[in-house]
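J.: Using the sequences plus the hints, can you model the full thing?
Using the numbering used here, read the first sequence as starting at 1 and increasing by one per residue.
Honestly, the hints are just simulated from the structure, not real lab data. Remember, it's a predicted structure, so these values are computed and weren't measured experimentally. It is possible that some hints are incorrect.
[Stated by the list, open to error] Label-pair restraints from in silico Cβ distances:
no. : residue 1 : residue 2 : range
1   : Glu144    : Glu94     : 31 to 41 Å
2   : Asp417    : Gln152    : 22 to 32 Å
3   : Gly189    : Gly29     : 45 to 55 Å
Every residue gets a Cβ at the ideal spot worked out from N, C-alpha and C, and that includes glycine.
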Amino acid sequence: MLDRRFIRSRSDDVRRAIADKGEKFDLDGFLELDERWRELVTETDGLKHRKNLLSEEIGRLKREGRDAGPQMEEVRALSARMEMLDGEAAKLEEELERAQSRIPNVPHSSVPVGHDSSANVEVRRSGEPPKLGFKPLPHWQVGEALGILDLQRASKIAGSGFILLKGLGAKLERALIKLMLDTHTNSHGYTEVWPPVLVKRECLFGTGQLPKLEDDMYLCEKDGIFLNPTAEVPITNMYRGETLEEAALPVKLVGYCPSFRREAGSYGKDTRGIVRVHQFDKVELVKLTTPETSYDELESLRDCAERILQLLGLTYRVMLLCSGDLSFAAAKCYDLEVWAPAEERWLEVSSCSNFESFQARRIGTRYRAAETRKPDYVHTLNGSGLALPRTLIGILENFQTPRGTVRIPEVLVPYMDGLEEIT
RNA sequence: GGAGAGAUGUCCGAGCUGGUCGAAGGAGCACGAUUGGAAAUCGUGUACUCGGGAAACCGGGUCGGGGGUUCGAAUCCCCCUCUCUCCGCCA
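T.: Shown next, in the form of structure tokens:
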């Protein structure tokens, strides 16, 4: 959510942001509503002031044992009009609040303008896709053939779009999670958390998935609680409603957590294999920072995520998303995409975003500046480090041999108890 | 699931027979005095938020959240959330 005063004073920037992100929002209507609300507030505040003065006087008169009849009469007379105006102001306020929460974040000045992924900018490539010297099998075929991936049985359990890993496949998943957590905690200084997977509505509103993406999430109706669509939600919401000391920043958290997505509206897309599934593991990086440092922290967060790809020896590229491809809440975002040679395409394994104060304002997470002692909203950032299924795809497709076996990336060998190849 | 207790400012903690309570007292923090310097001591200051204003400042709101009673509520009533204790049930 943007600051109301910011929207007022920088309405042109906000209008441009809405257009650049391809969102629809009647900003002029909003500003008009705001104007009316402020007039109303000024008037009711004046009436309340008068009422407070009279009440004080009544108290004094009563204590002195004198008659306060006329004063009480005046207050009663005021009350009717006050209540009416107050109610109207409250209604406008609510309307404003609702509208305000639907205004997207403003892209950072370094973000290219464009309306879809074709306008994204490739920042760098880790190297060129390796030449395998044979036609690689798609990951689902390799996985099924080796008996480590069983999509038929997965759908027996939960329907299509779910993953069942077996034997060394399951172990590989676990090894990857451990490699990621170990690297981020030991080498990158993140604190490990293990959060709840079910999240409240207000958490989803806070990080910006709601109100826009309600249909993309699983809802446990009986309890009014959602299966989290990304670990960003529980982890960022850890500090909802809290004010931190500046000295405690940056907060750097890493958590392993399954994520759930209905993928409504993406039927027919990526139906083969495990590119797009309803439940997947993720190791997520989250940072809370001061406004001054958030863009440096974004670079370093992305470096941390990249580090995992480098350790695994996977080919990837870094994309700077254009305004139209940016999520509702993000101000700037880098995607990391791993090369999938069998499918001959790049797959997103991480989105590293800076939300500036957009989420913090919704969540109510602030920090107290060391010098001024004044509270201000923190900046929130997050990125996957990394999403597991597509990382797994990267390994199955890049590390397969002409015999159909899969070599274990060197860094994972210790995590696989010395195993060097899945045969 | 049943019974009870509680939720107050950065923290601890009074107030809860309704009226100078935005809130005593303490801690912390900031500034000043004292000191060669520090500790200790003393003094002063120290919530957030919204509206108006260039600013000084003026005004509204806020004692877990929401509603009600009243001229007036931290204080009384109702609902919700969370925490704690006890009982029951269950991995």
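J.: Compare the structure with the hints numbered earlier in the document and write down the numbers of the violated ones, lowest to highest.
T.: Going through the list in order, the structure violates hint 1 alone and respects the others.
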